[in-house]
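Chains as they are written, first to last, in our numbering: chain A, 1 to 215; chain B, 1001 to 1118.
Warning: the hint list may mix true and false statements.
The calculated DMTMM-like cross-link candidates involving lysine to aspartate or glutamate, where the alpha carbons are at most 20 Å apart (straight line), are [claimed, not checked]:
(1) B/1029 with A/210
(2) A/96 with A/131
(3) A/96 with A/106
(4) A/96 with B/1003
(5) A/96 with A/27
(6) B/1031 with A/210
Think of the hints as simulated: they come from the structure by calculation, not from any bench. Nothing here was measured: the structure is a model prediction, and the numbers come from that model.
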Amino acid sequence: MVRALGWLSAIALATGLVMAFGVAPRESSQGNVQRIMYVHPPLAWVAYVAFAVVAVASIAYLARRRPAADHLAHASAEVGVVFTGLAIATGSIWGKPTWGTWWTWDARLTSVAILFVMYVGYLLLRGTIEDPDRAARYCAVLGIVAALDMPLVHFSVYWWRTLHQPPSLMKPGGFTGSAVILWPLLVNLAAFTVLYAYLVAKRARLLGAERGALA
Amino acid sequence: MPDNWGFVVAAYGLTAAVLALYWRHLVRKEKELRPPKTADSKGTDSRSDSSSATSARNVAGTATANTERTRQTSSSDREIAERSRQPSSSDREIAERSRQPSSSGHPRPDPTSRGPLQ
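Using the sequences plus the hints, can you model the full thing?
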């Protein structure tokens, strides 16, 4: 099952790459640097999904105290941190030629940076507590509290004046651009979501094996 | 606006590199947790078979050499023990001299009549 997800994500990513460079046209105002759009929003989307999974799995753990829920939360937080870090980095790379700066303390960028730091803290907390049950309990609480930052991240572009553009897909009325831009974006969103599922499944299985080896 | 291909390559390259490194980290961890394969298991390849056979041969060779050395050691030990049982010529000379009367004229007790603490 995990291996199948791995192969599926590899095929989907290859298709997404071909569509981003072969199918999608050169954008008229930004030029080819706009092709970063086929990797940056999918990374940010996966970060949202990952932290939402952390919150749901943390609630499930606190309700039933099943180690599988804790492993899912831990794995999803770790993968989410990797994807959030990449979303920040690719956004920064995109920002330099379009905004003229690598970084600015606007509401969207700052709230994402806070989200990233909170989940890095979540992983550090896990590493510092030796008792696995206590670590799982504390991290479940932190995972739920940190998820409260996600609506702030998403709506920051509406609530404050920011340099970052409003969402292209996740907005009322949906995507307004042409299909030749929409399809490569959708394929890459699906590819990165499958990749996330593969990495989380692999990591959660490893966490289960590590716990079994320690017991 | 210029195309800025360098930024595009940097974004895609960084993403690919970080994800590949993370995947490799997981694969390595998975390998570390896997139990080690036994010599008679089906999964062992020819290289590991030959290496284990070589190491077995090396162990056997070392054991033979050690046995040979032990045998030699024990024979030399026997010689030493044999020699220690035989009184040496110097010991015989000392015993002979002790039986002779002293040159200073003092009477010397018979060595056979001496007690164990004398």
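Does the structure keep residue 1031 of chain B and residue 210 of chain A at a Cα separation of 20 Å or less? With Cα atoms ~12 Å apart, residue 1031 of chain B and residue 210 of chain A stay inside 20 Å; holds.
Take the C-alpha atoms of residue 96 of chain A and residue 131 of chain A, compute the straight-line distance between them, and say whether it is at most 20 Å. Given that 20 Å is the threshold and the Cα spacing comes to 45 Å, the pair is violated.
Taken at face value, is the distance from the CA of residue 27 of chain A to the CA of residue 96 of chain A at most 20 Å? Measuring from Cα to Cα gives roughly 17 Å; hence the hint holds.
Holds or violated: are the alpha carbons of residue 96 of chain A and residue 106 of chain A at most 20 Å from each other? holds, 15 Å
Taking only the CA atoms, is the gap from residue 96 of chain A to residue 1003 of chain B under or equal to 20 Å? Roughly 13 Å separates the two Cα atoms, so the pair holds.
Holds or violated: residue 1029 of chain B with residue 210 of chain A, Cα cutoff 20 Å? With Cα atoms ~10 Å apart, residue 1029 of chain B and residue 210 of chain A stay inside 20 Å; holds.
Checked against the numbered hints listed earlier, the structure breaks hint 2 alone; every other hint is satisfied.
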